[in-house]
Amino acid sequence: MTLLKALGGAAIVALAALTSVDAMAAGNGKLLVIITPPHNNPFFATEADGAEAKAKELGYETLVLSHDDDASKQNQLIDTAIARKAAAIILDNAGADASIEAVQKAKTAGIPSFLIDREINKTGIAVAQIVSNNYQGATLGGQEFAKRMGEKGPYAELTGKESDTNAGIRSKGYHDVIDQFSDLKLVAKQSANWSQTEAYSKMESMLQAHPEIKGVISGNDTMAMGASAALQAAHRGDVIVVGFDGSNDVRDQIKAGKIAATVLQPAFQIAQLAVEQADAYLTKGSTGKPEKQSIDCVLITKDNADKLNNFTLAK
Amino acid sequence: MALTRRHILALFSVAALGGSAAALGGCKIVDNADLKAAKAKSSDEFDANAYVDKIWTSKVLPDFRSRAMDLDTLLQEVAKDPDKAGQSHGHRAGDGNPWTFEIKGEGKITAVDAASRHAIVTVEVQTASGARKIDLQVGPVVFGTALRDALSFIQFGDFVNQIQYAQVSRALNDRASKGVRESFDLKDAMGKTVAFYAAAVVSGDTITATPVIIEPAKGGKT
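Protein chains in written order, with this note's numbering: chain X, 1 to 315; chain H, 1001 to 1222.
Okay, chain X solo, but in the shape it has when bound (with noise of 0.2 Å):
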């Protein structure tokens, strides 16, 4: 009986929140649920910030909501936006693999999913696929960090997160350009991640097993600001670092000499231009344009550090 008791209350606070969540579906169907990794990374706050913003100015509600890089929480994020009746779902998904069956099931819930950032491994299931040029972004961070090495010298490679296309992207890119230089050695390559704290700790047992190290590259800002930390502490300031992003943090790195480069990827502006097409697939039925797109990317040195805000480049 305590049993029964027991299980009639579950059933009751079950009731009671499926009441709630239908309440708060009685929205306008203008509701734009905006879902990203983490915000300690301010690329991904950023994009945040710039699809929210562009939602807002179009007359949306926003939801900003993170998946913090796990595919199963991103899943009840999703469930999420179905249950308030989103009309849109903005998202920099957590995997390429994992992330398909949860864009299928926003889309079979009616839901169109418009992609930035990273993509899927599969066609037809987002409305849209904005990316950065990854490959062409990191082709210039590969040239530009050849040209700083002086074309020569031991060399360690810091990489993402593996389920991440844009991981193995990047990292095909640099090698497309840096292993064209036979002087050029890398000595060691590890994934951080796109962790900040995790580069640092990886930076520091490289350094210990290769102190000849002359530079490194990145693939992305957070892991360039580790790796940075990591051998300012250990007074080596003469090590050569390339990171891929554009953050501000990495640009002021590069304004007081400590990172070499790093190369924009327009977060902002991909942010709303997803947010535009969503507005356009709402209410004209079509966004008008392929589903994948890629934006290019612009190298960041000093020449050109002093424009560049908020991932941003100023004409």
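Treat the hints with caution; some may be incorrect.
To be verified - From chain H, some residues computed to sit far from chain X (all C-beta separations above 10 Å):
| # | residue |
| --- | --- |
| 1 | ASP1053 |
| 2 | LYS1054 |
| 3 | ASP1063 |
| 4 | MET1069 |
| 5 | ASP1070 |
| 6 | ASN1097 |
| 7 | GLU1106 |
| 8 | THR1110 |
| 9 | ALA1111 |
| 10 | ARG1117 |
| 11 | ALA1131 |
| 12 | GLY1144 |
| 13 | ASP1185 |
| 14 | ASP1188 |
| 15 | LYS1192 |
As the list claims (entries may be wrong) - With a straight-line cut-off of 16 Å between C-alpha atoms, the simulated EDC-like cross-links for lysine to aspartate or glutamate are:
| # | chain 1 | residue 1 | chain 2 | residue 2 |
| --- | --- | --- | --- | --- |
| 16 | X | LYS56 | X | ASP68 |
| 17 | H | LYS1108 | H | GLU1124 |
| 18 | X | LYS214 | X | ASP238 |
| 19 | H | LYS1108 | H | ASP1135 |
| 20 | X | LYS289 | H | ASP1135 |
| 21 | X | LYS289 | H | GLU1124 |
Calculated from the structure, these hints are not laboratory results.
The model shown is predicted, which means the values in this text are computed figures rather than measured ones.
Don't be surprised by glycine CBs; every beta carbon is placed ideally from N, CA and C.
Given the coordinates of chain X, assemble chain H onto it according to the supplied hints.
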């Protein structure tokens, strides 16, 4: 009592099912067929060189022969309205990107940097606005994605991901460099007048282009 127990069990199994469904909802569930399909199309198994070999003589070269814009004419259109010129003659993979064009032109070779692996042949083309320098990247190292981006029949959306799309760019550059270097002798190129077909972003004083064909100019001495 037996009935009640069965009810409880039923309730339990429903609760358990609901619970597990919710829990599973958090996992990545891919059925075998999809997984196999995805794997068959994964970057590791995509052969970009084979893809490029298949389209090179049947599509890429004919596209350049028929669609490439005369550089002088194009420069005049770009000067008037870059976006209009881009929309009518160019191609790009995303809004805000520079337009990429298939160009053709004739001119005298004024510099040859054959020592670098990123070898450059500079051609001076006479245009309405004066002489323009075109740096033809003859490779074997060719930078950039201009060649891929200029071909309107190669779409980002046709590939599983950026990795495949990038592999296609690399394979196109390699194929272009191979063809140009085989048919064109860098050693005594200096001072010759040539005709070229190339892919390029048209901006700046010097235009860097990826050539697919360099041949003796018609009527010009070689």
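Results of checking the hints against the structure:
1. Non-interface status of H/ASP1053 relative to chain X is upheld: no Cβ of that chain comes within 10 Å, the nearest being about 19 Å off.
2. Against the 10 Å criterion, H/LYS1054 stays outside the reach of chain X, whose nearest CB is about 21 Å from its own CB.
3. H/ASP1063, annotated as away from the interface, keeps every beta carbon of chain X farther than 10 Å; the closest lies near 19 Å.
4. No Cβ of chain X approaches the Cβ of H/MET1069 within 10 Å, the least distance being about 21 Å, so the stated non-interface status holds.
5. For H/ASP1070, the requirement that its beta carbon stay farther than 10 Å from each beta carbon of chain X is met, with the minimum near 26 Å.
6. At the 10 Å boundary, the C-beta of H/ASN1097 falls inside the reach of chain X, the nearest C-beta of that chain being 5 Å off.
7. The non-interface label for H/GLU1106 is consistent with chain X: the shortest C-beta to C-beta separation is roughly 29 Å, beyond 10 Å.
8. For H/THR1110, the shortest C-beta to C-beta distance to chain X comes to about 24 Å, beyond the 10 Å cut-off, and the non-interface label holds.
9. For H/ALA1111, the non-interface assignment is confirmed: its Cβ lies about 20 Å from the closest Cβ of chain X, beyond the 10 Å cut-off.
10. Non-interface status of H/ARG1117 relative to chain X is broken: a Cβ of that chain comes within 10 Å, the nearest being about 6 Å off.
11. Every C-beta of chain X lies more than 10 Å from that of H/ALA1131, the closest at about 27 Å, which supports listing it as non-interface.
12. With a cut of 10 Å on Cβ distances, H/GLY1144 falls inside the contact zone with chain X, its closest approach being about 7 Å.
13. Distance to chain X confirms H/ASP1185 as a non-interface residue, since its nearest Cβ pair spans about 23 Å, more than 10 Å.
14. Remark: the non-interface label on H/ASP1188 is consistent with the geometry, its nearest Cβ contact in chain X lying 26 Å away (cut-off 10 Å).
15. H/LYS1192, annotated as away from the interface, keeps every beta carbon of chain X farther than 10 Å; the closest lies near 27 Å.
16. Of the supplied pair hints, the one linking X/LYS56 and X/ASP68 is violated, its CA atoms being roughly 24 Å apart against a limit of 16 Å.
17. A threshold of 16 Å between alpha carbons decides the hint, and for H/LYS1108 with H/GLU1124 the separation of about 5 Å falls inside it, so the pair holds.
18. Restraint check for X/LYS214 and X/ASP238: satisfied, since their Cα atoms lie roughly 7 Å apart, inside the 16 Å limit.
19. For the given pair, H/LYS1108 sits about 12 Å from H/ASP1135 by alpha-carbon distance, which is consistent with the 16 Å threshold.
20. With a C-alpha separation of about 33 Å, the suggested pairing of X/LYS289 with H/ASP1135 is violated against the 16 Å cut-off.
21. Restraint check for X/LYS289 and H/GLU1124: the C-alpha separation of about 38 Å exceeds 16 Å, so the hint is violated.
Checked against the numbered hints given earlier, the structure breaks hints 6, 10, 12, 16, 20, 21 and satisfies all the rest.
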